[in-house]
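Protein chains: 2
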Amino acid sequence: MRHLTLAASAAILAFAAASAARAEEGMWTFDNFPIARANQTLGTNIDQAWLDRVRLSSVKFGGCSAGIVSGEGLVMTNNHCVATCVANLSTQAVNYAETGFAPRTREEELKCPGGTAEILTDISDVTERMHAAGAGLEGQAFTQARDAEAGRIEQEACAGDATVRCQVVSLYRGGQFKLYKYRRYTDVRLAWAPEDRAATFGGDLDNFSFPRFAIDAAFIRLYENGAPAATPTHFKWNADKPVEGTPVFVAGSPGATQRLLSMDQLMTLRDVVLPMDQLIASELRGRLIRFSEESEENAFIAMDPIVGLENTYKRGLGRMRALTDPDFMRMKTEAEADFISRWMAREAAGAAGRAASGDASHAGSSGTPWLTLAAIQPTQRELYPAMALLEGGTGVGTTSPGGGSQLFSWARTLVRAAQEREKPSAQRLPEYADSRLAGVQSGLFAERPVYPSLEQVRMEWWLSKTREWLTVDDPRVRGLLGRESPEQLSARLVEGTKLADPAVRRALWEGGLAAIEASDDPMIRYLLSIQDETRAVRSDWEARVEAPTSRASEQLAAARFAAYGDAVYPDATGTLRLTYGKIEGSDVPGQRFGAFTTFAGLWDRATGAPPFDVAPKLLAAKDRIDPDTVMDMAVSSDTIGGSSGSPVVNEAGEILGANFDSTVLTQRNAYGYDRNVNRSVIVTTGAVTAALRDVYGMERLVEELGVE
Amino acid sequence: MRHLTLAASAAILAFAAASAARAEEGMWTFDNFPIARANQTLGTNIDQAWLDRVRLSSVKFGGCSAGIVSGEGLVMTNNHCVATCVANLSTQAVNYAETGFAPRTREEELKCPGGTAEILTDISDVTERMHAAGAGLEGQAFTQARDAEAGRIEQEACAGDATVRCQVVSLYRGGQFKLYKYRRYTDVRLAWAPEDRAATFGGDLDNFSFPRFAIDAAFIRLYENGAPAATPTHFKWNADKPVEGTPVFVAGSPGATQRLLSMDQLMTLRDVVLPMDQLIASELRGRLIRFSEESEENAFIAMDPIVGLENTYKRGLGRMRALTDPDFMRMKTEAEADFISRWMAREAAGAAGRAASGDASHAGSSGTPWLTLAAIQPTQRELYPAMALLEGGTGVGTTSPGGGSQLFSWARTLVRAAQEREKPSAQRLPEYADSRLAGVQSGLFAERPVYPSLEQVRMEWWLSKTREWLTVDDPRVRGLLGRESPEQLSARLVEGTKLADPAVRRALWEGGLAAIEASDDPMIRYLLSIQDETRAVRSDWEARVEAPTSRASEQLAAARFAAYGDAVYPDATGTLRLTYGKIEGSDVPGQRFGAFTTFAGLWDRATGAPPFDVAPKLLAAKDRIDPDTVMDMAVSSDTIGGSSGSPVVNEAGEILGANFDSTVLTQRNAYGYDRNVNRSVIVTTGAVTAALRDVYGMERLVEELGVE
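Protein chains in written order, with our numbering: chain A, 1 to 708; chain B, 709 to 1416.
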């Protein structure tokens, strides 16, 4: 709840008028990186070949980022990025989150269920084809035509090869479309993870803050054909003590920013989306906390979900604070005013030119995208709760159907995929296009433990919040619940379903629609029964919110290119980007700290009471670790959720650490970049080296990393 | 999440410019009721004598309202107003919430622990004394001088008589001060309560909505000297079928409105106060829901707290919706603009007049109250979380220290009172002035069951949320927790304290500061240890937020009288008011319903699954109840939380029902009145009569009510 003082506001306002990116701002694509400006700002000398090497050494791992650090497929990411893998490989008796995972031999490295890793190998432009596909269409027809064309493009480029994935990426909110081609690894093994507490020291309280004392790092290894993948292009491990002011580049897949949204769109987030998402998440948090206190077993089951939920919640809180901060909103308002005035000047000049030349063709063709977006907001405000709770995938919020129940999610995928696969690929919901079925299937067949007690908490919470937010008299809620209460229905479904068994899922997938419709599994029957209502919610949203927003956003993107040239970067979309900055502390109100923390600082901060208890093995190694070794550091690069695990590299292409967090104040960077506030938090290669060598007996990996 | 359509917005805007009250708007004091306008609007013929009788028949019961309905102290209020009493009188084995409470004889009526009821007997003006006390003072000195003067006035008027209570009431945000004198009853007994489900049918889902099917009524009885109080002035019971369009008056003690706040103040509520309060309440709700699912015992313990919490939460949600509704905010903005323009016109006229007469004395003396209030907001935004979490009593939010733990609250009162009683009355924190000690003491000595498991949930939640919102590095948080975690500390305090025993509390109270300082009770020691930090938070808030806000609000109040004359009513302050309207349905988007519901409608809506299960005794009486009997009705009177239990009376002074709720859309009436939307929900005397006679065998009371 801290607010910036006048001094800080003045500093922000110095950046306010800029809708064009300034020094160190921007999550740039690898095919439009501002090489000259970065070199000038940082005093470096990188080139396109350097960029290509960095790209091919960078890995997308689930929703995280990672970097290759040896020639034999070894990859560094964050520990929190392997938390689900660790949980899936653990039992209450053998709990790797508690003990760490330190395989003595490469053969003991264990496969992460459902884990996939990807390397971006090619980028090509498909803007013309995508724009042509939607030309002249409105509403849902527009969305479907675009989705179908994307599916065709992906299919043409990648069909039939399980080792590649193709993805049509919308950039600049539809201003550009690129085809990204990935080398895909579906055999990803866990090579090392520290004790969870070593990575999460300070827990939720220290999350999104600095100084920080966390070794939030882990290693995975890419396999192909049952053997470690050969990865000749990789980052060189540099565990030297880092130096303040060093220029760094961070390569990763930041998830989503909303920097190109209009003020009216931001106010919908502030007034409707964030409050609903946060309020219901907060209740789930309360339910899970109490659940975890009921027994050792529940504590084990709920640990990973609570960490994930608290992270999402705290991020949302930072965003709420940004959008309710009068100074920040003034900065955004002024930036929009600058953009609008440039746009109006160009429109006026164009009209004058056309009038002089007698050209009447342009009249009324462009419209005012800001007004169009404003007009969509009442509808978006009205439809958001139902869309978020019954369908998810709103692109703006975090709420999704089923409350995170794995069983619900599998049943939904099975039912939808069976129904969709009856149609030609181009007419399906886009996530079930032929080009995407391999991904769907691997998620579905992965072996994962299912905890009915947790599933019950999630389903019950979701059903009761859906009833509450849509109201009990909403016909869709009546369809969802019938005459059962959320408690009764969720218990019946979770207890009765057999979907926890991968063989059952596989049989239902392979049996197609006939098998689904013949199934007496209560979860499958339930999902079948709610398809009409939920699909209607989605098509309504697509027709009345998504499609008109897409068209107006494309107009805005075009206007932005016209006003600011190529000094703009696209909003983050979960695809590979490069950002740059320096190793640097922070000195604004509410956020004052130096650039580094050390192990000595960790021993100081420890109280012994959770979450400020040092992990036992780490504590036992206290005397072996040089106390002046840097643990974590702050850098000024422009990152956001999804950047977790991003390799932080120097001018020489050497890896210095892995990005794992930022600060609460930095959460405003979802909506706008502020050089003075924005700080990413990095675990250093030095800390990782010390942990591997001095704590976890992983000399094997230290050697592989080339440390002498 | 429903939003008003354009049609509804237009209807609102027709009322927008009015800062003066229109027909049926206003929670009026009994000494400034607009008799002529009400009579004209409604076609009635009430007079001051009528008002006096209604006032003397109206009762304040805890945070609720009530009406006397017999000459022997019988009082009708809502069942939810006696829920705490019912819970305190129940055990898991004898659970009156489940069975209803239907004493066969008057002697079996049971005393409500800590219950007090009050009747407003006198009102006198003390504005001059209060304004003089604060004259020339700033900051905390201003607040203290005012509080001390109020204490003196109350002491002078009421000292030494336990049957009266005096209260200096600030009206029009300090524009007027009145001395209210009450006849006080500390022996209040429960005379009848229905099965809880009969009062709460539809639970949280039907709460704040209509149509409604709830018998949310109960009876208490006032006692004096061990015998039923004689109450010759009371409402006549009228159980006739109500008629749509009938003029009604509602007398009660609405808790708090914020209709006189400036837009900047409203934005602080929207951005900071409501989000924090709602988010942490939502987490507590999750913890309590899960807690209640753990066992029958926990379900019993948590029932009352969950109902209370959900009610507060839903009300907050309605308010968030109002303040994030663009149409409603536009209406408020336009009303403020009208006010400011009138103010500026008067200022200009005044300056011109003074200039013409050569008078320079006025120059610069008045300032601009809107700008003053705007300048306070950044401080209020910054200080609110600490003030709310560590001290409470912010006047703007619902969060308070201790998380609702009864043990914490007792310890806090004991420690503070002991410290304060060492000083002269005028120098104390105002809640410990001599005139208020009797009330403090009766709350402290009341016999109430304490459930350590629930206390633990509340304390743990409060400590962890305080740490989260103020951050772990806040020195006050370090003082609060030391090296313990919230889980450890709350467990230690709750397990170790002996304060659940009323004899222990009494001994500590009577022993004064010496006994407190010598106590080894961990909760007492804990409260002693945090006094410096928490008192500092309060004095900082009072100096930098409360005092300057009070002064600016008084200027605004004066300006409002000048601009709109006496056509304004004061914000609700938990004191007795009268509001008027008609029995009437609603026909705006998101809120369309007729004026009445019947028992037939209840049988229709019942599904059997909670909370749509009919209470067993009520269900068993189905055939005995005339299905066309009206259960609940909607009226257009202007009410808000605290109005619960308010007698609804006709022109003849006969009671037709008890107010028990309003709608979610109506929650906007905290900030502004909207005739088209505003509806109160009333349980009818007809429904209560049927319940007493046909369901609960309370012919004894039916006879006392004079029903033939």
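Honestly, I wouldn't trust all of these hints.
To be verified - According to the in silico footprint, chain B covers these stretches of chain A (three or more CB under 8 Å from chain B):
1. 198-207
2. 464-477
3. 606-612
4. 667-674
Unchecked claim - Simulated restraints, written as ranges between beta carbons of each label pair:
5. B:G1316 to A:A507: 43 to 49 Å
6. B:G1316 to A:P452: 38 to 44 Å
7. B:G1204 to A:G395: 39 to 45 Å
Quick caveat, the hints were computed from the structure, so don't treat them as lab data. Glycine is no exception: its CB is placed at the ideal position from the N, C-alpha and C atoms.
Status of each hint after checking the structure:
1. 198-207: holds (count 4)
2. 464-477: holds (count 5)
3. 606-612: holds (count 4)
4. 667-674: violated (count 0)
5. B:G1316 to A:A507: 43 to 49 Å: At roughly 37 Å between Cβ atoms, A507 (chain A) and G1316 (chain B) fall outside 43 to 49 Å, so the hint is violated.
6. B:G1316 to A:P452: 38 to 44 Å: Violated, since G1316 (chain B) and P452 (chain A) (Cβ atoms, about 26 Å apart) do not stay within the stated range.
7. B:G1204 to A:G395: 39 to 45 Å: This hint is violated: roughly 52 Å between Cβ atoms.
Checked against the numbered hints listed earlier, the structure breaks hints 4, 5, 6, 7; every other hint is satisfied.
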